[in-house]
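Once you've looked at the hints, dock chains B, C and D against the given chain A.
4 protein chains.
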Amino acid sequence: MSFFGEKIKLTVFGESHGEAIGAVLYGVPAGFEIDNDEILLQMARRAPGKDKTATSRLEKDFPVIKSGVLNGVTTGAPIAVVIENTNTRSGDYSNLLTTPRPAHSDYTAYVKYGGHNDIRGGGHFSGRLTAPIVFAGALLRQILAKRGIKIAAHIASIGGVSDESFNPVSIDDALLDRLSGESFALIDREREEPMRAAVEAARLDGDSVGGIVECAVTGMPVGVGGPLFDGIEGRIAQAVFGIPAVKGVEFGLGFRCADVRGSENNDAFEYVGGKVVTKTNNAGGVLGGISDGMPIIFRAAFKPTPSIAREQDTVDLSGGSNSKLTVKGRHDPCVVPRAVSVVEAAAAIAVFDLM
Amino acid sequence: MSFFGEKIKLTVFGESHGEAIGAVLYGVPAGFEIDNDEILLQMARRAPGKDKTATSRLEKDFPVIKSGVLNGVTTGAPIAVVIENTNTRSGDYSNLLTTPRPAHSDYTAYVKYGGHNDIRGGGHFSGRLTAPIVFAGALLRQILAKRGIKIAAHIASIGGVSDESFNPVSIDDALLDRLSGESFALIDREREEPMRAAVEAARLDGDSVGGIVECAVTGMPVGVGGPLFDGIEGRIAQAVFGIPAVKGVEFGLGFRCADVRGSENNDAFEYVGGKVVTKTNNAGGVLGGISDGMPIIFRAAFKPTPSIAREQDTVDLSGGSNSKLTVKGRHDPCVVPRAVSVVEAAAAIAVFDLM
Amino acid sequence: MSFFGEKIKLTVFGESHGEAIGAVLYGVPAGFEIDNDEILLQMARRAPGKDKTATSRLEKDFPVIKSGVLNGVTTGAPIAVVIENTNTRSGDYSNLLTTPRPAHSDYTAYVKYGGHNDIRGGGHFSGRLTAPIVFAGALLRQILAKRGIKIAAHIASIGGVSDESFNPVSIDDALLDRLSGESFALIDREREEPMRAAVEAARLDGDSVGGIVECAVTGMPVGVGGPLFDGIEGRIAQAVFGIPAVKGVEFGLGFRCADVRGSENNDAFEYVGGKVVTKTNNAGGVLGGISDGMPIIFRAAFKPTPSIAREQDTVDLSGGSNSKLTVKGRHDPCVVPRAVSVVEAAAAIAVFDLM
Amino acid sequence: MSFFGEKIKLTVFGESHGEAIGAVLYGVPAGFEIDNDEILLQMARRAPGKDKTATSRLEKDFPVIKSGVLNGVTTGAPIAVVIENTNTRSGDYSNLLTTPRPAHSDYTAYVKYGGHNDIRGGGHFSGRLTAPIVFAGALLRQILAKRGIKIAAHIASIGGVSDESFNPVSIDDALLDRLSGESFALIDREREEPMRAAVEAARLDGDSVGGIVECAVTGMPVGVGGPLFDGIEGRIAQAVFGIPAVKGVEFGLGFRCADVRGSENNDAFEYVGGKVVTKTNNAGGVLGGISDGMPIIFRAAFKPTPSIAREQDTVDLSGGSNSKLTVKGRHDPCVVPRAVSVVEAAAAIAVFDLM
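Residue numbers (our numbering), protein chains in the order written: chain A, 580 to 934; chain B, 580 to 934; chain C, 580 to 934; chain D, 580 to 934.
Please note that a few of the clues may not be correct.
Same chains, same names: a pair is fine if it fits in one copy or spans any two.
[Said to hold, decoys possible] When the alpha-carbon atoms are kept at most 30 Å apart in a straight line, the in silico BS3-like pairs for lysine-lysine are as follows:
| hint | residue 1 | residue 2 |
| --- | --- | --- |
| 1 | 586 | 725 |
| 2 | 729 | 854 |
| 3 | 586 | 729 |
Think of the hints as simulated: they come from the structure by calculation, not from any bench. Just so it is clear, the structure is predicted and the values come from calculations on it, not from any experiment.
Isolated chain A, as found in the complex (with noise of 0.2 Å):
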């Protein structure tokens, strides 16, 4: 459901042209003073509209704290916040309700739903409804950051350009901190421009592009996590492909696994300055779904954007027969860029759940 976790609890609502959107955070300890320009700087790499990658809808995107929080301090009562919508064009999307967008939940949703979906924008499933996942994972990563451990994120990959991987065995605070400040992070910022050509070719084609975003994160203790389905991979995974166009997340080597042998993948233990660690880190972090102690390292791939300026073959449910659609209105044709918050939203919140 829009909920997750098992010690927090996070519950997402709203549409993406109803009255509002939001979230409660239930479990987050009281006497932790929040610091709220760093919850805005992080919703503002999310939010859209600072460059052609991304919509040219404005949004506001305002977080008010309706409870929770007292004098800038959380209380241990549930947080709630409430992010009003604003500027929405509903007009845009009148026709999408039995002529659904192909790639889309407008035809999932339709049958779900009983064609009682609120359509316009995508409703509950458009990716307007990660703004209060990329709230909660703020708030929680300055928790998290308090106790050592440190999340970001980069663009791994965009349409066929690649970034510098993460160094898996080392990482540097300093880069942590520098991605975790960048609209369009990058570990190596020579990749933007060859980037942003890749998507600007695919918009001006009428079209978009997917990508990889690549997210590290350091100073978890040993020890975190447990067996089978309690496993750290298996609740991050779960957070993560609640992120919309997410297909596909992997650990470490992930699919590379299929091709190295045993002796290649393990990662041999040693002593380094009296602690244990590991020469290599193709396990990601985690072993036995326990975290070793080195980064945790996971990729998420993203799906190119679903809405594209040119005509597509749909169907019309009214009618029962095959139709044409040419969507409107305004779309980022790469998600990517603002998907890396998301994507260490989503890893703070099941880190911290896991703590």
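For chains B, C and D alone, kept in the frame of chain A given last:
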């Protein structure tokens, strides 16, 4: 935790060399007549010892149903199954508590449980714990089959040798029936020999190989699943990452999304025989977290068996010093063939829970 | 947590003198047309200020639906409701953080949240938090009513003055309809005057009184609920104990069971009009945790309002010394009349969740 | 479901005359050395056959631990316990499937499970299922005892004969230790004879009696529990209502609240020995759903044993006609003495889960 489900509740218990392993499955409807032979067939597909890709340890793995079934018919009460452990050679593992095997859970479990975990054979983290998961999945897939839902998987890749992929828009029932009876499940049976050769080559090198399992779920009604954290992808991923050695899960195009454009990736709708279908199935049967009626297709990456015959670098936790380790005992050079039925079981559990 | 449900998920948020209170309700089926007037009626029954049994604080308590409802019809997405707090006089409560009011949560919340809880008006522990519970219950009981299930309660006892009890084997729909519209709900309307007299006498003494609410659920199909921890009694009890001031819950004969024999207590079965019924209903409609088709009848005991006008002994947590306290502000000398609609709401939430 | 807990997960399985009953308990910390004798003592307190208040059926009830414990010490893995069923006389119950026993689950289970439930001995609804609950509680209370938390109960009332009540503000450890070792637990041992006489009188009449169990939890730290649906009362009530035959649960003054005023009911705070205590304990140790450091005291009402020797009116579901039934087999005329250890176990499970 060693626990899965919202509508059903599956609890898995046991340790590799303890008295027994087993599971309790709650939420199975009353009045279903179980096909025991089919359950035993599925468990046999997972069981080791049939050929050189598997450990030579002989397990009887006979599941004794202790409750919830009367005269072969479910009663509606929780179904408890116990598989007694026999033929264990615990002496093989005596030094492992403080000399953790690389790429195993030994080190992380040691820290998490303060050294009180049962290290013998990996304890609760052993791949042997997948036997009760296969039992639960084999039972639930029988109920799903009565509702027209079929599940089968095959070895997509081992040690660099690939099988054909499922045809994403049209999967024959006969193929699924054949695959779900095979112990070395392949779409193209010609690939068995080169795959076995790759495994054998690794074994002769004292090494191991990983691989990929591809799974299809057909006959899904439209409208199962939900938005955000209630999506099908997240729930299946949580179940599949619960299988030891899984390091990646992807749906439809998955990580290849990063290299295609929206116009290629979007699955156009059309009416065929009065039914809405998609012309392609890059979504893997899931839109907005909800089934669209096309086959659900996902892939799971398995790391190479961590237990290899070669000497490896590790640490001596008792002495705080670096050490060497040669893993003794009998181990699969490749778990992938046996993992096929486990992936199917995890899919069955997740899908049943969603419905 | 401030959270209830298995099939539905109800999250309640807010603090008495914070910005707002509210709830998110997930799991409401799509396509249900909400009767807003009926919801407002139920909320008005709970709201204070209508007579001398209630606090003179005027609350507007207007529930603004932020999501999940489009043109008055549910969309299937989570329903978020926000009730802005107005007319708060926070100055009244300034000394309470370290001078806890007896029989309130002040002391326990202070310890649990390290003094960071919002103490104003009881914060998240305020009876005011029952307003969103009534909203959720009022919505869900409309859906239940469409399925033939009716819920109503009455004041069984206040300050030693009792109402008649429900006839356990035969409850007229007209009675339930009447009760669920009353703000001082009584089967025998003649009891209102002596009950109000008891409350007024306590008020004039600077004191308060407790009471009992009896609730009936009719039209339940046979077979809802389950064994052991899944029984109807436990689920309703968990919801009802979630109402502040409830100290006891009993079903059917309840505590009187201790004084009767099996031959008196057992409800004999018989066929009436082709339907199985019981001749008596000492079980309160529940056998083995499962509904038997008879009215579900339970009673909830409410303690006297803890805020009384008299000086009371307490402690000064800042100084570590004993102290005296006179609670200022406006308080109900008896919450029971207003609690009737809250008990109905809790029953509706629990029953809906079980179905 | 047959399932309890948030932090721990307890799953209970089995049917009275099936192959076995048992439980899986997840969430027990590693490294705890179990006192098996103490567990067996608690199970013996619940077991029948010791005197005329109990059924003459002899159960061995020996709990075999299948996992999660190594050399008597918990490993952190789920603890599975299996109790084989022996000495069952299934022939006794053959006509019950369509001739439901009044006040039993026969009718409701028949409808819920479509007649597929195991009716023998009540199946999954049997009081016998409390044996694994006692096992789980007996284990968890040992861990609680190490943290200074003691739990014991006594027979507050049977067939109209009452025991003394706990002194709510001061309960001697020695008393709790004595009670938790008794099979007919009483504060005032002089009450045993008249209670047994009341039971025996009922038995000679072919009848049965109900009663009340009062339970105390001492040593609770301040601050356990939470607001609204997370309160201690609701969680304990859910666990205790999970015990078959419980029809009421109350805390502190409970239903007597209706007859007292706030000035009597409010528990004044004071410092004693530098510690905050209350002068009275009408709250039963819980304020705002959170422990206040005073003993948690609650009472559970048990209905009279439904199986009585007299002929009773019932229905013949196969014929759709009224019928008569004389319940054969061996049955307790009063379950209350045996229920004492079950109530303690339910309290231990709920309290452990809250911490």
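Verification of the supplied hints:
| no. | hint | in the structure |
| --- | --- | --- |
| 1 | 586 to 725 | both (19 Å within a copy, 25 Å between copies) |
| 2 | 729 to 854 | within (19 Å within a copy, 40 Å between copies) |
| 3 | 586 to 729 | both (20 Å within a copy, 26 Å between copies) |
Violated hints: none; the structure is consistent with every hint.
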